[in-house]
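Enquirer: Residue strings, one per chain:
Number of protein chains: 2
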Amino acid sequence: MSAAVVESQDAQESGVREGAFGNARALSCRECGHEVELGPHYACSECFGPLEIAYDFPQVTREEIEAGPRNIWRYKALLPVPTDIETSPNTEPGFTRLLEAKNLAAELGLTRLWVKDDSTNPTNSFKDRVVACALSAARELGSKVFACPSTGNLANAVAAAGARAGMKTVVFIPSNLEQPKQVNSAVFTESLVAVEGNYDDVNKLASEIAGEEDGWAFVNVNVRPYYAEGSKTLGYEIAEQLGWRLPDQIVIPVASGSQLTKVHKAFQELITLGLVEDKPYKVYGAQAAGCSPVSVAYKAGVDAIRPVKPDTIAKSLAIGNPADGIYVLDVCRQTGGAVEDVTDDEVREAIVLLARTEGIFTETAGGTTVGVLKKLVESGQLDPELETVVINTGHGLKTLDAVAGSVGPVATIAPSYAAFAATGLA
Amino acid sequence: MSAAVVESQDAQESGVREGAFGNARALSCRECGHEVELGPHYACSECFGPLEIAYDFPQVTREEIEAGPRNIWRYKALLPVPTDIETSPNTEPGFTRLLEAKNLAAELGLTRLWVKDDSTNPTNSFKDRVVACALSAARELGSKVFACPSTGNLANAVAAAGARAGMKTVVFIPSNLEQPKQVNSAVFTESLVAVEGNYDDVNKLASEIAGEEDGWAFVNVNVRPYYAEGSKTLGYEIAEQLGWRLPDQIVIPVASGSQLTKVHKAFQELITLGLVEDKPYKVYGAQAAGCSPVSVAYKAGVDAIRPVKPDTIAKSLAIGNPADGIYVLDVCRQTGGAVEDVTDDEVREAIVLLARTEGIFTETAGGTTVGVLKKLVESGQLDPELETVVINTGHGLKTLDAVAGSVGPVATIAPSYAAFAATGLA
Numbered sequence: 001m002s003a004a005v006v007e008s009q010d011a012q013e014s015g016v017r018e019g020a021f022g023n024a025r026a027l028s029c030r031e032c033g034h035e036v037e038l039g040p041h042y043a044c045s046e047c048f049g050p051l052e053i054a055y056d057f058p059q060v061t062r063e064e065i066e067a068g069p070r071n072i073w074r075y076k077a078l079l080p081v082p083t084d085i086e087t088s089p090n091t092e093p094g095f096t097r098l099l100e101a102k103n104l105a106a107e108l109g110l111t112r113l114w115v116k117d118d119s120t121n122p123t124n125s126f127k128d129r130v131v132a133c134a135l136s137a138a139r140e141l142g143s144k145v146f147a148c149p150s151t152g153n154l155a156n157a158v159a160a161a162g163a164r165a166g167m168k169t170v171v172f173i174p175s176n177l178e179q180p181k182q183v184n185s186a187v188f189t190e191s192l193v194a195v196e197g198n199y200d201d202v203n204k205l206a207s208e209i210a211g212e213e214d215g216w217a218f219v220n221v222n223v224r225p226y227y228a229e230g231s232k233t234l235g236y237e238i239a240e241q242l243g244w245r246l247p248d249q250i251v252i253p254v255a256s257g258s259q260l261t262k263v264h265k266a267f268q269e270l271i272t273l274g275l276v277e278d279k280p281y282k283v284y285g286a287q288a289a290g291c292s293p294v295s296v297a298y299k300a301g302v303d304a305i306r307p308v309k310p311d312t313i314a315k316s317l318a319i320g321n322p323a324d325g326i327y328v329l330d331v332c333r334q335t336g337g338a339v340e341d342v343t344d345d346e347v348r349e350a351i352v353l354l355a356r357t358e359g360i361f362t363e364t365a366g367g368t369t370v371g372v373l374k375k376l377v378e379s380g381q382l383d384p385e386l387e388t389v390v391i392n393t394g395h396g397l398k399t400l401d402a403v404a405g406s407v408g409p410v411a412t413i414a415p416s417y418a419a420f421a422a423t424g425l426a
Numbered sequence: 001m002s003a004a005v006v007e008s009q010d011a012q013e014s015g016v017r018e019g020a021f022g023n024a025r026a027l028s029c030r031e032c033g034h035e036v037e038l039g040p041h042y043a044c045s046e047c048f049g050p051l052e053i054a055y056d057f058p059q060v061t062r063e064e065i066e067a068g069p070r071n072i073w074r075y076k077a078l079l080p081v082p083t084d085i086e087t088s089p090n091t092e093p094g095f096t097r098l099l100e101a102k103n104l105a106a107e108l109g110l111t112r113l114w115v116k117d118d119s120t121n122p123t124n125s126f127k128d129r130v131v132a133c134a135l136s137a138a139r140e141l142g143s144k145v146f147a148c149p150s151t152g153n154l155a156n157a158v159a160a161a162g163a164r165a166g167m168k169t170v171v172f173i174p175s176n177l178e179q180p181k182q183v184n185s186a187v188f189t190e191s192l193v194a195v196e197g198n199y200d201d202v203n204k205l206a207s208e209i210a211g212e213e214d215g216w217a218f219v220n221v222n223v224r225p226y227y228a229e230g231s232k233t234l235g236y237e238i239a240e241q242l243g244w245r246l247p248d249q250i251v252i253p254v255a256s257g258s259q260l261t262k263v264h265k266a267f268q269e270l271i272t273l274g275l276v277e278d279k280p281y282k283v284y285g286a287q288a289a290g291c292s293p294v295s296v297a298y299k300a301g302v303d304a305i306r307p308v309k310p311d312t313i314a315k316s317l318a319i320g321n322p323a324d325g326i327y328v329l330d331v332c333r334q335t336g337g338a339v340e341d342v343t344d345d346e347v348r349e350a351i352v353l354l355a356r357t358e359g360i361f362t363e364t365a366g367g368t369t370v371g372v373l374k375k376l377v378e379s380g381q382l383d384p385e386l387e388t389v390v391i392n393t394g395h396g397l398k399t400l401d402a403v404a405g406s407v408g409p410v411a412t413i414a415p416s417y418a419a420f421a422a423t424g425l426a
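Protein sequences appear in the order of chains B and L.
Read in order, the letters of the first sequence are residues 1 to 426 in the UniProt record's numbering.
Read in order, the letters of the second sequence are residues 1 to 426 in the UniProt record's numbering.
Note that these hints are calculated values from the structure, not bench results.
All C-beta atoms in this analysis are idealised placements derived from N, C-alpha and C, irrespective of residue type, glycine included.
Among these hints, one or two may not hold up.
Said to hold, decoys possible - Using 20 Å as the maximum straight-line C-alpha spacing, the simulated DMTMM-like pairs for lysine to aspartate or glutamate come out as follows:
hint	chain 1	residue 1	chain 2	residue 2
1	L	Lys-279	L	Asp-330
2	L	Lys-168	L	Glu-212
3	L	Lys-102	B	Glu-86
4	B	Lys-168	L	Glu-107
5	B	Lys-102	L	Asp-84
6	L	Lys-144	L	Asp-214
7	L	Lys-168	B	Glu-107
8	B	Lys-102	B	Glu-385
9	B	Lys-181	L	Asp-214
10	L	Lys-168	L	Glu-208
11	B	Lys-181	L	Glu-212
What the hints assert, rightly or not - Only some residues are given here: those of chain L computed to face chain B with a beta carbon under 8 Å:
hint	residue
12	Pro-89
13	Leu-99
14	Lys-204
15	Leu-205
16	Val-221
17	Phe-361
18	Thr-423
19	Ala-426
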């Protein structure tokens, strides 16, 4: 009896329907390789390493993908989701713009540059991708509640996706969170819970609840392996939108580090499946100086990540103890890339630079990534002659305060032509 | 000599390149039918009526459209833009989500309902569509400056599109505009000008500058005929995304009224071109009670619009003297639809209703439209058995204050499982 058949029986015994996870075969430990059946598991029972989805991919063609819907489900054969995923209510994220950024390229001295713009996703960040995959897992696993601890983008994405799916959604946030971020989640759910404490306290409480309560799917805790796969779609889309080829260099923000490793995984899968030509590419990680444990380890040439207490305006990147930090180091070093960090002032400048050159208003995470791109070019770590992609993961409307002090009207005038003419703008 | 050849000669004499406006033939007066050559004109020289684009359409096929880019330029043959439009830097708006809204339909007692969601456009409103067409016209007419008077969404769209196109952009706003809206424009342009006065004062100043200065393209003033055509793409997309067919009923917000008339124009063009089957459909207009001159005229059964002084939270719909109001009355009456209005409280409730049922966070304009949909069903003006589309034109992040008082955390708790269990959410 093949492993797949055993798995299928296991799944049926656990009440999960046939094909619930598409071409996913098992959960595999990233550290020791031990495999367990697909279910609400996230840590290896042997070594406590993180579990990842392992697949038996069929032959997938470019034509099949191109004939699919204009959202992440065009790649459903490469995700842990059922073949009928697009018929279940979801926010239909993805297939966001890949814009050639000629003005920004000229400003930075690059030959060819693209911005992958995830700020136009349904709730305006890349989190809609991962949450859509987590929602599918929660549904297939029969979860009663769709939940997360979060300080912003994730809360928005979970609350919106849960509402649309008609699932009970509970979102946990620190009680001192800015009101706009609270509103942007509370509008979607009756069950926004404010927790007295910082994000670490909220996160700890979420793990506790996940352990105590049956049927709660915390997207970034007990269904994390499914959730994290959603980030691969960023890599697939970039390759498809470039005309089924890989860029030479890519700059990706690093919070937990999951997104960077998944984009690399996506590129490798496309090569293995023969969907793009095999070629070398360099992966670069971007952090804010006020929370740069991975960048610090990279520069020191060490493998271990030393946790830090975050102090940066790039709050959506402010994870002091990044779960996938060591894998980020691996990917960046193996591909010949690097990890770099920029100050909060450089983040603010980069937000305005991207807006003024390309008409894209990014949040502080995107400012960090564009700022790091600039620094990598100036320091000679990134080759300006090679084709480069930079990822914008979220929208500036969510972090307005970052630039509110530095941009504004050039003049305030009386409503007359004479007053206007005096400004020198005529 | 044919009219087209004469036009082509005129265009060449005025320095405009051949094919600058695609299949557009002339500017035609909506009132008297007088035609003038394509140029920076917006009012009829004979009767001062509004000018509209007239076309000589070639045969266009579904396949040609479907093979185009995933943005509004897939419809370039039906717009006043050149055939190479997608190669000029622009924000690449459009092809936004058309979501089937089963939860909202159930809530309202409708059989089949769709939401066309323009909140995921590049600057988060439908204005990116019209501005992209205005930008093309400004470029082809050799304009030096890309400009607009605005209180919000239009300012964002113009500033972003101008930045990406590398054009000098000047945006005029009332000086008392909320800071978030100022930031969301100022981040893109060095030339945000605050004007002491209300929107009417700003608008008047813009017309004055357009008259005094050569080479200024005010998107909603002197290149308005090109600009307004961009709204047709909403209609094209809805039909294509429904599988090349028209809905039975559609509910559209009314500010100037341009969008509603252009969606109707788009449906008519698709029928004429044989791209969809001819069938009856009803068009409904949505206004806020605090600025409802068209709804008032509709209900009174009169043709004339009496201007009002706006007083509503739906500021992006607050045009007291709507230029296309009389045409909205025509379309809604001819198709068997209606024009309705809702109070600010109903707007707020509808924003939360759409968010809680479908995971879409709309601004006050969308709240108005969904609120009107609800009222139309309840009052028996809209048939619940017929397939209905409702348009969401913008993003709730831009009008947070509308719901900030009515949604928030359900509980604030200590970071412990015991405290959580006491909430009753477990």
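Enquirer: With chain B as the partner, please determine if L/Leu-99 meets the hint condition of a C-beta pair closer than 8 Å.
Expert: holds (7 Å)
Enquirer: For the pair we were handed, B/Lys-102 and L/Asp-84, check the Cα-Cα distance against 20 Å.
Expert: holds (17 Å)
Enquirer: Given the hint that L/Lys-168 pairs with B/Glu-107, test it: the Cα-Cα distance must not exceed 20 Å.
Expert: Judged against 20 Å, a Cα distance of about 17 Å means the pair holds.
Enquirer: Can you confirm whether the C-alpha distance between L/Lys-279 and L/Asp-330 stays at or below 20 Å?
Expert: Between L/Lys-279 and L/Asp-330 the Cα gap is close to 18 Å, so the pair holds against 20 Å.
Enquirer: Does the nearest C-beta of chain B fall within a distance shorter than 8 Å of the C-beta of L/Lys-204?
Expert: holds (7 Å)
Enquirer: Hinted pair, alpha-carbon criterion (20 Å max): B/Lys-102, B/Glu-385. Please report holds or violated.
Expert: holds (13 Å)
Enquirer: For the pair supplied as a hint, B/Lys-181 and L/Asp-214, is the alpha-carbon distance within the 20 Å limit?
Expert: violated (44 Å)
Enquirer: Tell me if the interface restraint on L/Phe-361 is satisfied: Cβ within less than 8 Å of some Cβ in chain B.
Expert: holds (5 Å)
Enquirer: Given L/Pro-89 as an interface hint, is the shortest Cβ-Cβ distance to chain B below 8 Å?
Expert: Holds: closest Cβ of chain B sits about 7 Å from L/Pro-89, inside 8 Å.
Enquirer: With the threshold set at 20 Å, check whether the alpha-carbon distance from L/Lys-144 to L/Asp-214 stays at or below it.
Expert: Holds, because 8 Å separates the two Cα atoms, which is no more than 20 Å.
Enquirer: A closest beta-carbon separation below 8 Å is what the hint needs, so does L/Ala-426 meet it against chain B?
Expert: Given a least distance of 6 Å, the restraint on L/Ala-426 holds.
Enquirer: Under 8 Å, Cβ to Cβ, is where L/Leu-205 needs to be relative to chain B, so tell me if that hint holds or is violated.
Expert: At about 5 Å, which falls below the 8 Å cut-off, the nearest Cβ of chain B leaves the hint on L/Leu-205 intact, so it holds.
Violated hints, in rising order: 9, 11, 16; the structure is consistent with all others.
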